[in-house]
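A.B. asks: Here's the letter readout for the chains.
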Amino acid sequence: MMSDDTPRKSPIATRRRVLAGMSALPFMGILGTKVSAADYPTAVVNTTGLAVTDDKVTVGILHSVTGTMSISETGSVQAEKLAIKQINDAGGVLGRQIDFIQEDGASDWPTFAEKAKKLLVQDKVASVMGCWTSASRKAVLPVFEQYNGMLYYPTFYEGLEQSPNVIYTGQEATQQIIAGIDWVVSNKGAKSFYLLGSDYIWPRTSNKIARKHIEKLGLEVVGEEYYPLGHTQFNSVINKIKLRKPDVIYAIVVGGSNVAFYKQLKAAGIDMTKEKPLLLTISVTEDEILGIGGENIVGAYACMKYFQSLPNDNNVEFVKAFKEMWGDDIVIGDVTQAAYLGPWLWKMAVEKAGSFDIDKVREASPGIEFAKAPEGYVRIHENHHLWSKTRVGHALDDGQYEVVYETEDLVEPEPFPEGYQ
Amino acid sequence: MQQANTAPASPAPKDFLLSVEGLTVSFDGFKAVNGLSFYVDENEIRVIIGPNGAGKTTVLDLICGRTRATEGSIRFRDQELTRMKEHQIVHAGVGRKFQNPSIYEDLTVFENLELSFPRGRGVFGALAFRRDAQVIERVEEIAETIFLKDQLDTQAAILSHGQKQWLEIGMLLIQSPELLMLDEPVAGMSVSERVKTAELLHQIIKGHSVIVIEHDMKFVQDIAHRVTVMHQGKVLSEGSMDHVQHDPKVIEVYLGH
Amino acid sequence: MIGDYTLVEFSSILAMQGFAGLILFSVFVLMALGLAVIFGQMGVINMAHGEFMILGAYVTWLCSQFVTAYVPALFPIYFFIAMALAFVASGALGILVEWALIRHLYKRPLDTLLATWGLSLILQQLYRSVFGAREVGVSLPDWMMGSFPLTDIIEVPINGLFVMALTILISLAVFLLMFRSRWGKQVRAVVQNRPMAGAVGINTKKVDRLTFGLGCGVAGVAGSAFTMIGSTGPTAGQLYIVDTFLVVVFGGAASLIGTIASAFTISQAQSTMEFFMSGSMAKVLTLLTVVGILMLRPEGLFTLKMRR
Amino acid sequence: MNITLYSRREWIALAILSALILIVFPATMDIFRLNLVGKYLTYAFVAVGLVLCWGHGGILSLGQGIFFGLGGYCMAMFLKLEASSPENTAIQSTPGIPDFMDWNQVTELPFWWVPFKSFPFTLVAVVVVPVIFAWIIGAAMFKRRVGGVYFAIITQAFAAILTILIVGQQGYTGGVNGITDLRTLLGWDIRTDGAKVILYFVNAALLIAVLLVGQMVRVSKFGRLLIAMRDKEDRVRFSGYDVANFKMFIFCLAAAFSAIGGAMFTLQVGFMSPSFVGIVPSIEMVIFAAVGGRLSLFGAVYGALIVNWAKTSFSETFPELWLFAMGGLFIAVVMTFPNGLAGLFRSHVEPLVARLLRKPVVAARETTTAAEPAKLAAE
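Protein chains in written order, with our numbering: chain A, 1 to 421; chain B, 1 to 257; chain C, 1 to 308; chain D, 1 to 379.
Check each hint, because a few of them may be wrong.
Taking lysine to aspartate or glutamate and the EDC-like style, the derived pairs with C-alpha atoms no more than 20 Å apart in a straight line are [claimed, not checked]: (1) A:K276 with A:E224; (2) A:K274 with C:D142; (3) B:K234 with B:D28; (4) A:K208 with D:E108; (5) A:K360 with A:E382; (6) B:K85 with D:E233; (7) D:K143 with C:E299; (8) A:K124 with D:D193; (9) A:K188 with A:E408; (10) D:K196 with A:E145; (11) B:K85 with B:E178; (12) A:K124 with D:D30.
Which chain D residues face chain A? A few, computed with CB under 10 Å, are given here [said to hold, decoys possible]: (13) D30; (14) K39; (15) T163; (16) I164; (17) G175; (18) V176; (19) G270; (20) F271; (21) F276; (22) P281; (23) E320.
Hints listed in this document are in silico derivations from the structure and should not be mistaken for laboratory results. Just so you know, even glycine gets a beta-carbon here, dropped at the ideal spot from N, CA and C.
Model the full structure from these sequences, guided by the hints.
C.D. replies: Here it is in structure tokens:
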């Protein structure tokens, strides 16, 4: 797949960018005017027996509400519900209100597969917003491919995948990693890196990409280390870090381990507000800081595509709406924002295709542009990932990030990055 | 039936059924049995007496392999028991009855006896074991001896205490051991059960070598060929009942109290 | 390894690693002490031990929230109050659980395992419903967070010292309670011979209940202390359960000294190995070694040979 | 006096169960539900093993997931190799090896993967690998008389170790994602509806075969010895049996059953992941046996079906309440009906049926081996 794709990339990219500017306004116009369902008779827009009636279309939400992953996935569910509500308030999709069926993946991969199958086979949903971990995505992937469903997957992940049945609304690893490393190298003069992660595919693949990139730049990786998921004792690795004195601690620790890691790092006297060593992470969003505590991570840098503090108008509006719906205490992390894009991108693809049929939606998807995205303008690439900007945030002690850098252009998604495998 | 003091006067050094020599076991420095030696003849009935904590039950535990000796040897015919596992000791011909009735409460009397029948003792033997005429006949025969003929289908849990003791004796008998070891077989029994048990024991000890631990002096006098008196893990005195009863050392530590 | 570093660096690192091992040791002791009381002294397998710890952690979080909102002046010392409250809350829940579940199951130890597993599921969901699925961040007073720099490289984390001090304190308290007090004598009497203890006038039911409560209370304090170094979420308790049981079993279940010795051995082994290899492999090797030794010596490190 | 495989009553029970899984379910359910039931039935293999090992033998293993997982992984390795033909994996830097290896810079198939290219080898390995593992654990533990609680805790530790190992060695095992995207078995597409129906029946037939084997063990002298060992291990020893060998055998048998279940799981669900190896699934499998009735082989099947069905439907309607229900079930089954559904059936339904039929309940004789354990737990 990749080989067909690569050569065509750049010309299309430029053309699309031009188009983007022109189409943004009329497109927003469509959003505002009510589309009547009568213009799109059900028999025409739904030829494959999906759960679409004259006034309703059903989609699925598939996340973990119970189990260890519910910590992370709650935000995604909230964002997806918000997007659906907003779309409904604006007139729905092809004049139909969106109804959703929520299923619990229970942090258990076969349950995800089972529920995905139920949503597709029994409920005949028109699309599914869901999954968080790679493992759950891998588990549902064959189901989506077999029963031809459409999944909007929100998490930043390791890449190495490109399914016709998935739209990846988060960043793949190269998008997230390379810009961040380039930035610390050029702005902070970093020369040596210590790579650290939880022991599973995303941190390992990401660190692999990071290592290749660092070595390409002629710089040094002084250590690479993995700990089991849920590990809570990091004193030994902190000692090793002190000994090797890296310029940058590159940390991809996830879940409960995060909290332990940052608290112990701080307690061991590594002050991240100082210039050296500085800490760069791609796994700590504002959501995680809730558990870690802002005072324990202040000074760290995070590299991802979205921060709650992004100052653009779209985002201000989005944050306001989100808080109205889910309460003032809520924070919004990168994945939550990516999850919010799912329903919107689907709606646009459906309206572009003029049909709910999965095949037509898939065909219509590449090139879909969402200018009102909280993170700013994004566009779907042929490889079903998003063109998006990458940003570096500097952690403040109130649990928010201050955006200190943003890539000039959209970063092209490369799920199978050449030279990084 | 047999006279207690007709037992052989001095043990000849060979053809003992069981020779215990220099047996010592220590639990974290405490020597429960300390340099113990004694010998049991073929067809002899040996009673071990002694105050509580003298190490009597520990001796039986050592012989049947439940506890490992720290030092010393236990020879049964020409086998060294201290190096064998429990089930091998059983196969060699040593049977043991515990102080508290130790039976399978969830199984019936028949099944209890059947499990003790010495056949199909390996994993695959047990899987292939058939309940054939020979088994049934032997089980019924033993059940008759232990007064439980009518209770074959009863779940063992609902037997009386005395019946449970009998059942365990029956489980021992069906193994046809050469050496029977009984730990306080009449303890906790009603008077009538006690009489019946004495009768049972008299009947079964014929043709067996037996080691009995017992406190009931009347009972001891009745059955013992020789008596070993233990005190603090050592043999205090040994000989006929008459002999030990008049041994001043014994009187001092045990009978005198 | 020495090749890359100067002697000073290397010896500093040894010292630091030793200290990391000591912190891990304290963590293990704190985790295991409550369980050792319950499992070792009562023979009850409390699979919900981790959830009792997390209850302590949540109590600490509630305290920090309350103190910051209403009496900020107390903030620097609120942690001590929180730990006391954690002890009371977890202990009270323990007593309740003993009354409702455990006392019916003393003769079926494997069934206590299943019942308490069920309890742990219920508690997890309860925490999730009450406190939310996300982890909560417990803010700590500043004086507990920093470190003393001893030399250029060696820095001693204050929270590590705090956990160590707490461990010593709690171990001492438990020892005094179990081995020097009248109540401890009663506990041990009940453990050794329940009917006899009852016969000599010990209220065995009360002793059971308080012992269980004590074990759970200690778990609560441990959970409270762990807010300094770990995370507080509905399922965080699960992370501790395997380690905790292994520490107790490895030490020889009935022996509190054994528990401490085993915590020391395991923690030193793990932290040393972590220095030389990846965390995952260190963990696997540590667990395998412990299990291997347990297979060769099932009674654990410290046990009395018993006369049966 | 001779023992038959099943009493008349039990024949009826077997007939009902077979009819249910072989006729009623396939006739009334759509392919989606049927596949779900097929998945639940793979857990029943584990539960049946636990009934023998735990209910009868008193050996509580909290590590049955190890064997379920090993069986499943063996099957998954074969299927993955078949799915990773050089043509299918042409885009990889090293074609012909599983995709996850390629992502982890493994450039050559590890030697221990190579035999899994052979289907006959895989079929043998599915059972033999877990059994060898069980034998090693069992030999080490039972020979040294580790039992009861200690055994449970150590098996649990093994489950934890194996999970960390599988997750940590992702280049060779697929890591936390497991081995996914399995497609064909000897060229036969296992993802089609037709294949799922056939696999369902294979699974059901295997389960009935396992039930028969289990029953054969149960009614043999071995079965009575198991109960005897559970209640009075010492007495069994002093009746001349080498207890450790018996325990090892039953533990290995339970492991073999679990492994068959695991392999069928992989075939029906299409992937295998470390989340079936760990502590949580292992304990859940114990609850299937406990709910069904820890002494009833049929009960184990019903237990697995009912708990999983409840899990699915409960979590569809009240996802948040599911853990409460599951936890409550654990407690209830231990506190109020330790003999599970089978016990309830015997004490409540059977007398009722008997009264309706005006026939005396079959004498206690046949049920004593199974009914009412005076002491449920091992030492």
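A.B. asks: With reference to the structure, classify each hint as holding or not holding.
C.D. replies: Verification of the hints:
no.: 1; hint: A:K276 with A:E224; verdict: 18 Å, holds
no.: 2; hint: A:K274 with C:D142; verdict: 18 Å, holds
no.: 3; hint: B:K234 with B:D28; verdict: 18 Å, holds
no.: 4; hint: A:K208 with D:E108; verdict: 19 Å, holds
no.: 5; hint: A:K360 with A:E382; verdict: 14 Å, holds
no.: 6; hint: B:K85 with D:E233; verdict: 14 Å, holds
no.: 7; hint: D:K143 with C:E299; verdict: 13 Å, holds
no.: 8; hint: A:K124 with D:D193; verdict: 17 Å, holds
no.: 9; hint: A:K188 with A:E408; verdict: 18 Å, holds
no.: 10; hint: D:K196 with A:E145; verdict: 16 Å, holds
no.: 11; hint: B:K85 with B:E178; verdict: 17 Å, holds
no.: 12; hint: A:K124 with D:D30; verdict: 14 Å, holds
no.: 13; hint: D30; verdict: 8 Å, holds
no.: 14; hint: K39; verdict: 7 Å, holds
no.: 15; hint: T163; verdict: 9 Å, holds
no.: 16; hint: I164; verdict: 5 Å, holds
no.: 17; hint: G175; verdict: 5 Å, holds
no.: 18; hint: V176; verdict: 4 Å, holds
no.: 19; hint: G270; verdict: 6 Å, holds
no.: 20; hint: F271; verdict: 6 Å, holds
no.: 21; hint: F276; verdict: 8 Å, holds
no.: 22; hint: P281; verdict: 9 Å, holds
no.: 23; hint: E320; verdict: 6 Å, holds
The earlier numbered hints are all upheld by this structure, with none contradicted.
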